[in-house]
Amino acid sequence: MAVAGAGVSASELTLVGLSHHVAPVELRERVVLGLDEAAEFARALAPAVCLSTCNRTELYLAGDREDSAAAALTELAGESLDSVLYRLHDDDAALHLFRVAAGLDSLVPGEGEILGQVRGAYEAVERDRLLDRVFRQAIALGKRVRSETAIGESPASVSSAAAALAAQVFGELEGRRVLLIGAGRIGELAASNLASRGAAIAYVANRSPDAARGLAGRFGGTGVSLDALSTALADVDVVVSSTGAPGFVLHASDVPARRHHPLFFIDIAVPRDLDPDVARLDGCFLYDIDDLEAVVAETLAGRRVEAERAEVLALEEVQRFRLWRASLDVVPAIASLRAHAEEIRANELAKLEGRVSDDERAHLESVTLQILNKLLHLPTVRMKEAAATADGTAYADAVRHLFGLEERER
Amino acid sequence: MVEVLFWPALIGYGEAAFAYASPRTSRLATWGVRLGWLAQTALLVVQAERSGGFPWATFAGSLNLFVWLVVSTYLIWGCRPRFRLLGLAVMPPVVLLFVVARLGGGTASEAGSRYPNLFLVLHVGLVLAAFAGFTLAAGLAGLYLWEERRLKLRATDILRLRLPPLQSLERLTQRAIVVSLPLLTLGLAAGIVRLRQQDDPTDPLEWLTIATWLLYGGFLVARPSGRRAAYLAIGGFALIVVSRLALAGGHFT
Numbered sequence: 001m002a003v004a005g006a007g008v009s010a011s012e013l014t015l016v017g018l019s020h021h022v023a024p025v026e027l028r029e030r031v032v033l034g035l036d037e038a039a040e041f042a043r044a045l046a047p048a049v050c051l052s053t054c055n056r057t058e059l060y061l062a063g064d065r066e067d068s069a070a071a072a073l074t075e076l077a078g079e080s081l082d083s084v085l086y087r088l089h090d091d092d093a094a095l096h097l098f099r100v101a102a103g104l105d106s107l108v109p110g111e112g113e114i115l116g117q118v119r120g121a122y123e124a125v126e127r128d129r130l131l132d133r134v135f136r137q138a139i140a141l142g143k144r145v146r147s148e149t150a151i152g153e154s155p156a157s158v159s160s161a162a163a164a165l166a167a168q169v170f171g172e173l174e175g176r177r178v179l180l181i182g183a184g185r186i187g188e189l190a191a192s193n194l195a196s197r198g199a200a201i202a203y204v205a206n207r208s209p210d211a212a213r214g215l216a217g218r219f220g221g222t223g224v225s226l227d228a229l230s231t232a233l234a235d236v237d238v239v240v241s242s243t244g245a246p247g248f249v250l251h252a253s254d255v256p257a258r259r260h261h262p263l264f265f266i267d268i269a270v271p272r273d274l275d276p277d278v279a280r281l282d283g284c285f286l287y288d289i290d291d292l293e294a295v296v297a298e299t300l301a302g303r304r305v306e307a308e309r310a311e312v313l314a315l316e317e318v319q320r321f322r323l324w325r326a327s328l329d330v331v332p333a334i335a336s337l338r339a340h341a342e343e344i345r346a347n348e349l350a351k352l353e354g355r356v357s358d359d360e361r362a363h364l365e366s367v368t369l370q371i372l373n374k375l376l377h378l379p380t381v382r383m384k385e386a387a388a389t390a391d392g393t394a395y396a397d398a399v400r401h402l403f404g405l406e407e408r409e410r
Numbered sequence: 001m002v003e004v005l006f007w008p009a010l011i012g013y014g015e016a017a018f019a020y021a022s023p024r025t026s027r028l029a030t031w032g033v034r035l036g037w038l039a040q041t042a043l044l045v046v047q048a049e050r051s052g053g054f055p056w057a058t059f060a061g062s063l064n065l066f067v068w069l070v071v072s073t074y075l076i077w078g079c080r081p082r083f084r085l086l087g088l089a090v091m092p093p094v095v096l097l098f099v100v101a102r103l104g105g106g107t108a109s110e111a112g113s114r115y116p117n118l119f120l121v122l123h124v125g126l127v128l129a130a131f132a133g134f135t136l137a138a139g140l141a142g143l144y145l146w147e148e149r150r151l152k153l154r155a156t157d158i159l160r161l162r163l164p165p166l167q168s169l170e171r172l173t174q175r176a177i178v179v180s181l182p183l184l185t186l187g188l189a190a191g192i193v194r195l196r197q198q199d200d201p202t203d204p205l206e207w208l209t210i211a212t213w214l215l216y217g218g219f220l221v222a223r224p225s226g227r228r229a230a231y232l233a234i235g236g237f238a239l240i241v242v243s244r245l246a247l248a249g250g251h252f253t
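Which chain is which? The protein sequence lines are A and B, in order. Counting from 1, one number per residue, gives the positions in the first sequence under our numbering. Counting from 1, one number per residue, gives the positions in the second sequence under our numbering.
Misleading hints may appear alongside valid ones.
Facing chain B, according to a computed beta carbon distance under 10 Å, are these residues of chain A, among others [what the hints assert, rightly or not]:
id, residue
1, A161
2, R280
3, D291
Treat the hints as calculated values from the structure; they're not laboratory data. Here a beta-carbon is modelled for each residue, glycine too, at the ideal position from N, C-alpha and C.
The following block holds chain A by itself, in its conformation from the complex (with noise of 0.2 Å):
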């Protein structure tokens, strides 16, 4: 098993970072780093793993190596940390790093980046068995969150609340055709949303036939003007609109009557764009922007619901580290602790040589043997039950001082 360093616990693990809980962005952004630069960052403070993203900077080391993270941090900022930086040991740092990679300490809960970021993080150092151990179990438990709850399910912004509610119609919204109204940020944002999950932006539509065919050309779409609007209604299938304009751009008399397959409206524009009739027509749905948030609101309370699952399973997952953690100190002290009674025993019986006949020196061997395994037996019983609690690390510390054996295991 490989140390940091010469009487350092290789069982102990130590967090120092800062986070947008409470580093402002002015300081998280003096230690921000790439991936390559965190790795490079980790690899100075080797056994360690550097966790950098645009909310945080996290080293997770192996060891109590609280100060030198601490400075390592300090020069990178160039300026005192102190007041931002949290410092957690062992079971906390655990449970930071478990509740991290389950997206449960994000802006957004249950949020899906984050755990490829731990995973990158992860497989660009050279770890140690702790760091590997508790890493893997941050990763595993992340995609379990996410398979066993619904905490990144559902849409925590309007434009991906749009998309959601459109597959909601659709199902896959690979090859459906999007009709953009109006070339403002807003109406692209949703639009992105949409060609993200496979739409095809078909056509922009706006005021300007110049700015609707630039937005139109970064999308593969057509740009056309608003009076062509009904004309475009009949190819398409979602209609995203957010204009300036001060009434209504479509009514409900500009939609095609017959129609085999639905129409999805978004109209995200205040003053609203879109006649709110659209939604009493058979095939049509009309959702504006009071009716998104109103989503968004819901399903962000159904995150926070799954966010207490997950943080369940995020506990269990800190006891299951525990125990392999106590394990660690345990069986090498049991180990120990029998390799010096032996070599006790062996050392008096070989006081003995010719002395005895060689049936008495297999009598005592025996005879001494069953002692050394009687006086052992409940020691190393409880210390191994001992493992399963909290208290198996003490009980290996107690045990290495009292027989002294640390000398013996350096």
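Mind docking chain B on chain A? Use the hints.
Chain B only, in chain A's frame:
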């Protein structure tokens, strides 16, 4: 003895009927359907073996077989987490019909087959299989209408319910009808051949079944979409319910 198999099937179906009410227990519900179906399959096998032929000759017996066919169709088409509400629509009536079958003696073993004629066996088996498919189509159509209404009303919990997409429901409804109509066609044909053999006149149930066939045939020709398709699928199912419950008495004597 064979009736002992009725109880685990009923427990499985009954558990599913309740467990589908909550997303947290829907996986448990699916297992209830599977285990109940296995128990009922064993029941049917034992019935067939003991009767030496086709033991589902009576109205209650045919209900027993019909329940098994509906659950089989459901297991193929709809036994997935996103179709939890379909399970909630299908399983309670399944439980009810299964209990009715039991009360009518439809789950007991019979000494001999009342349908020695192959064409009658084919007629009953194929028509019931088709009706099971149409039943599931109606369930899917009902779910479509319910979800469509919630989307129209802009219900805020629509995403949290994790329902299947509307177009998936529409597609599955059509598929269930496409698969079931040929079965009904063959079943009707077998029935007509049997009638000709026996010189029996066509009774009202058979005319109603032909009307059902025409309705679903029209569905496949016209290929309606959206709400119209859902209403047609449910209308066809209503015809089946009427024919099975109101007119079956005369047909099975």
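ask   = What hints, given by number in increasing order, does this structure fail?
value = Violated hints: none; all satisfied.
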